[in-house]
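Taken in sequence, the protein lines are chains G and S. With positions in the first sequence counted from 1, the corresponding number in our numbering is that position plus 5. With positions in the second sequence counted from 1, the corresponding number in our numbering is that position plus 6.
Just so you know, these hints were derived from the structure itself, not from any lab. Treat the hints with caution; some may be incorrect.
Derived list of chain G stretches under chain S, where covered just means 3 residues or more per stretch with a C-beta under 8 Å from a C-beta of chain S [stated by the list, open to error]: (1) 8-20; (2) 303-316; (3) 437-447; (4) 453-462.
Computed from a predicted model, the values in this text were never measured in an experiment. Even for Gly, the Cβ is constructed at its ideal location relative to N, Cα and C.
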Amino acid sequence: MLFNSLTFLIFSICVFGLFWLIPKWPHKKWLLLIASYLFYAAWNPPYILLLFLSTTADWWLARLIGNTENSTRRRALLFCSLTTNLIVLGYFKYGNFLLENFNRLLAPLGLMHTPPQFDIVLPIGISFYTFASLSYTIDVYRKQIRHDWRLVDYALFVSFFPHLMAGPIVRASCLLPQIENPKLPTQNQVGWGLAFVCMGLFVKVVLADAIFAPVVDEIYAAPSHYGAFDAWAGLFSFSGQIYYDFSGYSLCAIGLALCFGFSFPDNFHHPYAAKGFSDFWRRWHISLSTWLRDYLYIPMGGNRYGEFRTIGNLLITMLIGGLWHGASWMFVLWGGLHGVYLFIERLLKKMLGNAAVPIAGEGRLIEIITFIVITVTWIPFRAETPNEAIAIAKALMNTTIPPVPDIQHMIAVVAMLATLRWHIALRNTRLEDIVAGRGLFAQVAIMSTCLIGLFLCSGNDPRSFIYFQF
Amino acid sequence: MTRAPLSTSSFERQLPGVSWIPILGAALLIFAVFMSFMEIRLVTLGYHPTILDSQASWMKERARASRLGERALILIGASRIQLGIDLDVLREKTGLEPVQLAIDGSASTPILEGLAADQTIRGTILVDYYDHNVGSHDGAAPTFQKNYEKNKHARVALPLGRTSENSLSQMLHESFRVYADGANPLFTLLTRIIPAERSRQYLVTYLDRSRTADYSLVKLPEFYHQRVIRNLGLEKSLSPASKNLNTILPQEINKLMPLDNRDFMLKTQATKQLVEAIKARGGQVIFVAMPSSGMVRDIEERRYPRSRFWDYFTENIGVPAVHSAYSPALKDFTCPDGSHLDVKDRARFTGVLADVLEPILQKQAPNKDYAASRR
Numbered sequence: 006m007l008f009n010s011l012t013f014l015i016f017s018i019c020v021f022g023l024f025w026l027i028p029k030w031p032h033k034k035w036l037l038l039i040a041s042y043l044f045y046a047a048w049n050p051p052y053i054l055l056l057f058l059s060t061t062a063d064w065w066l067a068r069l070i071g072n073t074e075n076s077t078r079r080r081a082l083l084f085c086s087l088t089t090n091l092i093v094l095g096y097f098k099y100g101n102f103l104l105e106n107f108n109r110l111l112a113p114l115g116l117m118h119t120p121p122q123f124d125i126v127l128p129i130g131i132s133f134y135t136f137a138s139l140s141y142t143i144d145v146y147r148k149q150i151r152h153d154w155r156l157v158d159y160a161l162f163v164s165f166f167p168h169l170m171a172g173p174i175v176r177a178s179c180l181l182p183q184i185e186n187p188k189l190p191t192q193n194q195v196g197w198g199l200a201f202v203c204m205g206l207f208v209k210v211v212l213a214d215a216i217f218a219p220v221v222d223e224i225y226a227a228p229s230h231y232g233a234f235d236a237w238a239g240l241f242s243f244s245g246q247i248y249y250d251f252s253g254y255s256l257c258a259i260g261l262a263l264c265f266g267f268s269f270p271d272n273f274h275h276p277y278a279a280k281g282f283s284d285f286w287r288r289w290h291i292s293l294s295t296w297l298r299d300y301l302y303i304p305m306g307g308n309r310y311g312e313f314r315t316i317g318n319l320l321i322t323m324l325i326g327g328l329w330h331g332a333s334w335m336f337v338l339w340g341g342l343h344g345v346y347l348f349i350e351r352l353l354k355k356m357l358g359n360a361a362v363p364i365a366g367e368g369r370l371i372e373i374i375t376f377i378v379i380t381v382t383w384i385p386f387r388a389e390t391p392n393e394a395i396a397i398a399k400a401l402m403n404t405t406i407p408p409v410p411d412i413q414h415m416i417a418v419v420a421m422l423a424t425l426r427w428h429i430a431l432r433n434t435r436l437e438d439i440v441a442g443r444g445l446f447a448q449v450a451i452m453s454t455c456l457i458g459l460f461l462c463s464g465n466d467p468r469s470f471i472y473f474q475f
Numbered sequence: 007m008t009r010a011p012l013s014t015s016s017f018e019r020q021l022p023g024v025s026w027i028p029i030l031g032a033a034l035l036i037f038a039v040f041m042s043f044m045e046i047r048l049v050t051l052g053y054h055p056t057i058l059d060s061q062a063s064w065m066k067e068r069a070r071a072s073r074l075g076e077r078a079l080i081l082i083g084a085s086r087i088q089l090g091i092d093l094d095v096l097r098e099k100t101g102l103e104p105v106q107l108a109i110d111g112s113a114s115t116p117i118l119e120g121l122a123a124d125q126t127i128r129g130t131i132l133v134d135y136y137d138h139n140v141g142s143h144d145g146a147a148p149t150f151q152k153n154y155e156k157n158k159h160a161r162v163a164l165p166l167g168r169t170s171e172n173s174l175s176q177m178l179h180e181s182f183r184v185y186a187d188g189a190n191p192l193f194t195l196l197t198r199i200i201p202a203e204r205s206r207q208y209l210v211t212y213l214d215r216s217r218t219a220d221y222s223l224v225k226l227p228e229f230y231h232q233r234v235i236r237n238l239g240l241e242k243s244l245s246p247a248s249k250n251l252n253t254i255l256p257q258e259i260n261k262l263m264p265l266d267n268r269d270f271m272l273k274t275q276a277t278k279q280l281v282e283a284i285k286a287r288g289g290q291v292i293f294v295a296m297p298s299s300g301m302v303r304d305i306e307e308r309r310y311p312r313s314r315f316w317d318y319f320t321e322n323i324g325v326p327a328v329h330s331a332y333s334p335a336l337k338d339f340t341c342p343d344g345s346h347l348d349v350k351d352r353a354r355f356t357g358v359l360a361d362v363l364e365p366i367l368q369k370q371a372p373n374k375d376y377a378a379s380r381r
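My request is simple: use the sequences and hints to build the entire structure.
Pasting the structure below:
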């Protein structure tokens, strides 16, 4: 069920209505849990079993970890939780990828392996709920969170429908206490929640799908037909599409949670205003980058064991971050490139001092360079094959083909430049403060523009959110 | 037990106080006024809501084709047969139950393949013949057919999310004029409301998936020229507003060369196998080339000369085929846009076509319902 669908509109109205009608908090939680499983079942009913089994296994293993002080047993149980989760994730997400690469490795040796054809359907959201679940068992192991939560509370934490499909990756320490303690949403929370949902849907449906996506699809379908201007328009458009698609989803998720009185952390913070790549990762998909930092980079040693080890840890973290997005070498390449950028940035900081890559203060040139490099680095993320990526890269430098006189390309470029300007101007301002700082007339104008924009772009088959596939 | 907050932990989102009730109330009011204005404007322009010709409605008709057995008269093809055949007239004239499975802008081969493989299909199939579409898998047909195969045994179509979305979407399209003919409100605003020139709704889709086109409501000859330009593949260099089109377009048509028919011949043989499979279990297949006229017909004749294409097809396909351009009874029908019949000719054309088909149907199925219905 997509947030930008009529079914979801009816679903959320029903759930919200029942939530207010049911008087007792435990019953409200049951309602949200059942609704979340229905929400997931609307896509593929059998996979709710997988969600349930994964939830129960982690809840049970975490209880066992918490109930013992024996460090060997604790470690064994954590290992059990990690392997269970990673095997399930590996089978569904990386099974075909591993087999393909295994065959490629055997081919030069003259061995031909013909495995049975597995038609594996990737359970939507598996990467998100697996990471949320993993964070719980690791936190229990580290004694950073209690282990004695009720199964219904834990199941609701994992499956709560606003974040189930595509995050943000909410930590147990953030959501479980909110689920346990009765707290009804205030009128202000519901108002902000509805406003966030409207704005999130607007940027997804109008900006990502109607303005940017058609240009991206057109250019990536036949890059050799276009010259430099249109190729850059396609590249800029993808920067816009991926940002508005995913930040729109995150904003909807945050807004929906608020309507039920739950607070989710921010997932984006004007990422295209980043001054350098470490700053970018503090602003882009924050819940994933902090997850990777806390559960991968720091446990591997972080920056505590010398420069060489730090660089290795950075690269491994970013490569895994890339692979998390999908079973393709193109995602690994994308993650690897970001790892290299972080390494270079670190090197520059060492050589020239922190002033060379300022995190605070003015630094327009660095902001623009960062944006352009990030935009170009989206090529392997969007291209399905290396050849497609190379064709796009060639088109970026092809000045022999004149620009296509297409108004849609121009609109997309202007919209992306406006986005960049907006990010730079408001790089340290929260969305809440931007909206609250406007007068009543502007606030009404913002909300009515969102509603009218959504209405004007309605009626087509809703496009899935890009991050559903991850 | 320690509970150290982690980096993303945010137990309470700090939200500035805003008076949301008047803001959201006013925004909803503005939205309602805007939407109502569009609907009312469309009422004054003569628009009315139409059925959404979706995959869901196609699948419903496809399942009906299987259920009807020998009584089914199945129509497959693209827009020409969808716009040009009056199902009520066809039902009355043949005594069979017409099922409209044509898909706008799509090839019919994937549908014919599905019908050939389906043992429940024992009725009569009318295939909309286009020279360039023989054996083609272009358009939405492969997806429609694939999804039908996947879901044909389901009592309840899963996933439920998609099923309910289809129903809700259908309901929305059938209730509001802004979605007429499958348009979205933005398209409606830009092409039907804002243009100073009065626009009209010329296409209507009905519950049985048949459609009508009223060309008295469109601007001619621009609409016709647009079709010719599109068929010539000259959209980038010419527009319907270009000058001297009556001179330029015939010149462009004269430049066209006949296409090679080797691939066509192979595809005809492949189509023949599908036809044989249907015939083997008592079904019938008839190919009908719907009318085209003016420069659209000229383009077809230049690219697909009769001797190389139609004649080869009729000699090899092994079932009856009727070409509107070569049938004395049908050749005088003209298409205002060059490619599709107007609503005012639809019933008459269907009647004449049914008369042309009558001896074929009787000859092919002397003991079937059709013959019985004619007695």
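Query raised in the report: At a Cβ distance under 8 Å, does chain S reach at least three residues of the segment 437-447 of chain G?
Result: Held - the segment 437-447 of chain G has 5 residues with a Cβ nearer than 8 Å to chain S, which meets the minimum of three.
Requested in this report: Examine the segment 8-20 of chain G for residues whose CB is less than 8 Å from any CB of chain S, and state whether their number is three or more.
Outcome: holds (count 4)
Query - Given coverage of the segment 303-316 of chain G by chain S, checked by CB-CB distance under 8 Å (3 or more) - result: Violated, because only 0 residues of the segment 303-316 of chain G bring their Cβ atoms closer than 8 Å to Cβ atoms of chain S.
Query - Per-stretch coverage check for the segment 453-462 of chain G, three Cβ contacts closer than 8 Å to chain S - result: holds (count 7)
The structure fails hint 2 only (numbered hints given earlier).
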